[in-house]
Amino acid sequence: MTKRVFIAINLPDEIKQKLDLVIEELKKLNPDYGIKWVEPENLHLTLHFFGDLNEKQIALVEEGIEEITKNIKSFGMTTGDFGCFPNEQTPHVFFASVDDADTIHDLIDKLEVMLENLGYKVDTRPWQAHLTLGRIKDWSRCKITGVKIPLMDFTVKSVELMESELTPDGSVYSVIKSFPLK
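For the record, in the sequence shown the residue sitting at position 12 is 2 according to this note's numbering, with numbers rising by one throughout.
These aren't lab readings, by the way, just hints derived from the structure by calculation.
Hints should not be assumed to be uniformly reliable.
With a straight-line cut-off of 27 angstroms between C-alpha atoms, the simulated DSS-like cross-links for lysine-lysine are [stated by the list, open to error]:
#1 Lys127 with Lys8
#2 Lys127 with Lys46
#3 Lys147 with Lys172
#4 Lys8 with Lys111
#5 Lys133 with Lys18
#6 Lys63 with Lys133
#7 Lys(-7) with Lys6
#8 Lys(-7) with Lys111
#9 Lys46 with Lys133
#10 Lys167 with Lys63
Using C-beta positions, here's what the derived DEER-type ranges look like [claimed, not checked]:
#11 Glu15 with Arg(-6): 27 to 33 angstroms
#12 His95 with Lys18: 33 to 39 angstroms
#13 Leu108 with Val162: 34 to 40 angstroms
#14 Gln79 with Lys17: 33 to 39 angstroms
#15 Pro116 with Gln79: 17 to 23 angstroms
#16 Lys17 with Glu45: 35 to 41 angstroms
#17 Pro140 with Glu45: 39 to 45 angstroms
Keep in mind the model is a prediction, meaning the values are calculated, not measured.
Yeah, the Cβ is synthetic: ideal placement off N, Cα and C, and Gly gets one too.
Please build the complete structure, drawing on both the sequences and the hints.
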């Protein structure tokens, strides 16, 4: 049996609640435009998305994450600006940027080496820390003028291996295993 798996940093509840206010503001600006909004409980910072993995693959990934995270201390991050992928003219994703610490880049570098050693393909594009707020189907009518993300500091205390279960109502995320930082 396989699971749809990714590595992520989960956000503190107070950050999720404040970002939900931004999502509500975006909903008012963009009613009924076929935008798939991220539920507040699902807000997270994706470090790597695998897709489907079997139990043996999951166990090997867990071992690799365990080895990496046991030597990394908790670190701070701050929410940044509102943005769109690929750009504001043809947005497909609304996101909140995250001003990333050097520690997150060190963590990403180590994860990428581990993943390559396990035979996984690593994205060649530079990693960009962001929190997805919504996925856009019809970008031609989107309005984003004046959207602001409040600056919020938070401490990263763990890294999670997550499962994403696809349902008719959207993705449901659950923690497979949490890896505390020092």
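Results for each hint:
no., hint, verdict
1, Lys127 with Lys8, "holds (25 angstroms)"
2, Lys127 with Lys46, "violated (36 angstroms)"
3, Lys147 with Lys172, "holds (8 angstroms)"
4, Lys8 with Lys111, "violated (34 angstroms)"
5, Lys133 with Lys18, "holds (10 angstroms)"
6, Lys63 with Lys133, "violated (40 angstroms)"
7, Lys(-7) with Lys6, "holds (25 angstroms)"
8, Lys(-7) with Lys111, "holds (18 angstroms)"
9, Lys46 with Lys133, "violated (45 angstroms)"
10, Lys167 with Lys63, "holds (18 angstroms)"
11, Glu15 with Arg(-6): 27 to 33 angstroms, "holds (30 angstroms)"
12, His95 with Lys18: 33 to 39 angstroms, "holds (36 angstroms)"
13, Leu108 with Val162: 34 to 40 angstroms, "violated (26 angstroms)"
14, Gln79 with Lys17: 33 to 39 angstroms, "violated (21 angstroms)"
15, Pro116 with Gln79: 17 to 23 angstroms, "holds (21 angstroms)"
16, Lys17 with Glu45: 35 to 41 angstroms, "holds (39 angstroms)"
17, Pro140 with Glu45: 39 to 45 angstroms, "holds (41 angstroms)"
Checked against the numbered hints given earlier, this structure breaks hints 2, 4, 6, 9, 13 and 14; the rest are met.
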